[in-house]
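Enquirer: So that you can map any letter, position 116 of the sequence shown is 105 in my numbering, and since no number is skipped, the others follow by simple counting.
Quick caveat, the hints were computed from the structure, so don't treat them as lab data. Cβ coordinates follow ideal geometry from the N, Cα and C atoms, glycine included. Watch out, some of these pointers could steer you wrong.
Pairs of lysine-lysine residues, derived as BS3-like cross-links and limited to a Cα-Cα distance of at most 30 Å, are as follows [unchecked claim]:
1. K220 / K107
2. K287 / K107
3. K220 / K245
Each pair of labels, with its calculated beta carbon distance range [what the hints assert, rightly or not]:
4. E46 / E232: 45 to 53 Å
5. A263 / P211: 40 to 48 Å
6. L111 / A263: 18 to 26 Å
7. P42 / K253: 15 to 23 Å
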Amino acid sequence: MRLCKAYLLLVDPISIVAIDGPKRFPGVHWIWRGAILVVYEVHPQIVVKVPIPEERESFANEIKIYEVFSTCPPCPSTVQCFYYTENGIFLEYMRDLTLSVRIQHNQVRDESTEVVTKIEKLEPIALRKRWMNDLAQAVAFLESLNLAHGDLRPENVLLDGTHFEGCGAPYRRFMNGTEPGEEANDRSAGNLSPRTEQFALGSLYYFINYSFEVYGDRCLDPDNPREHGFKMIGLLQNLIFPELNGDPLIDDIIHKCWHNKYRKVTDLAEYTEALLVKEPSAAEDTEAGSSEDATWKKVLCQDLEYRGLLEFLCSDEPVKLGFPLGKELASHQQADDSQAYPSHPINVRLGATLKLALND
């Protein structure tokens, strides 16, 4: 008996914990790690975001956003939250790639300059319009809560099949609130507002409809291609835009977004919705199904919390808890180095489904 006790004391405590994790929660898999949190799959349709111990304050700020969300019906164009506590946020699992990766598959690039030299194909026009509307609806939803996303770009838009969901991160910011250290001026983002959000939407719409980012088809600094991003920002800050020569109706929307012609994003959303062919019966079925899904998913999440999952996941790093990096995450990272799963709380669902995600 003494020998047995002595042996147990020599075992690395971490190895004991490592064995314990997958045994206690066999359906849980580590899929992503961000700056302030770690994401685990807890069900084929659900993920949970838990804070890194030293970033609990930042995570608490994200929870405040979901507290605001809980006061109103969910927006179908954002990634759905099923349940949240101070130790974790349970979200809809978006398994497909980001909008950025989807569109990049249609491009041919010059390897030395990264300039897009050829577009193999454009997405179908009906799908592009649907994506545009999904984004507008998601951002308008945030606007109705006095929130702004603040980081609307292709990497923060999630695809679910052919639909988009917007990723929410910087929408943890409130309208008309300048970031610390920033001073508002006419040619910078300044205070987050309908102006800044619709400007960003204009650039996203350009990306969706031209299959490359603004000025992505030309080298702005042949001597130093790495300076392309800075050159592009300079042009946009001076309201110098590329020529629009695509679909006239869509080009008009892009132009108006860039030049602040919509009083609110809500006005833009009303216009983009009017472009779509209505399918009321399908919409009603989806809404009913979503409500039913949300109920049992919330119960499942509450049960996992009751069994101690969140407290356990918050106690240490994934590897030390016995969770290896999932194969799915590794493949996502190879496809899109920017982020495999959006860190922002807000996700936008787009047309075949696009959803916006909130970044952390």
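Enquirer: If you draw a straight line from the CA of K220 to the CA of K107, is it 30 Å or shorter?
Expert: Roughly 22 Å separates the two Cα atoms, so the pair holds.
Enquirer: When you check the alpha-carbon spacing of K287 and K107, does it fall within 30 Å?
Expert: Violated: K287 and K107 sit about 46 Å apart, past 30 Å.
Enquirer: Evaluate the given range 18 to 26 Å for the C-beta pair formed by L111 and A263.
Expert: holds, 22 Å
Enquirer: Take a look at whether the Cβ-Cβ distance between P42 and K253 falls inside 15 to 23 Å.
Expert: Hint violated: Cβ distance 40 Å, outside 15 to 23 Å.
Enquirer: Taking 30 Å as the top limit, are the C-alpha atoms of K220 and K245 close enough?
Expert: This hinted pair holds, its Cα atoms lying about 23 Å apart.
Enquirer: Is 40 to 48 Å respected by the C-beta to C-beta distance linking A263 and P211?
Expert: Holds - the Cβ-Cβ distance for A263 and P211, about 43 Å, lies within 40 to 48 Å.
Enquirer: Could you see if the CB distance from E46 to E232 stays within 45 to 53 Å?
Expert: holds, 46 Å
Hint check: violations occur at hints 2, 7; the rest are consistent with the structure.
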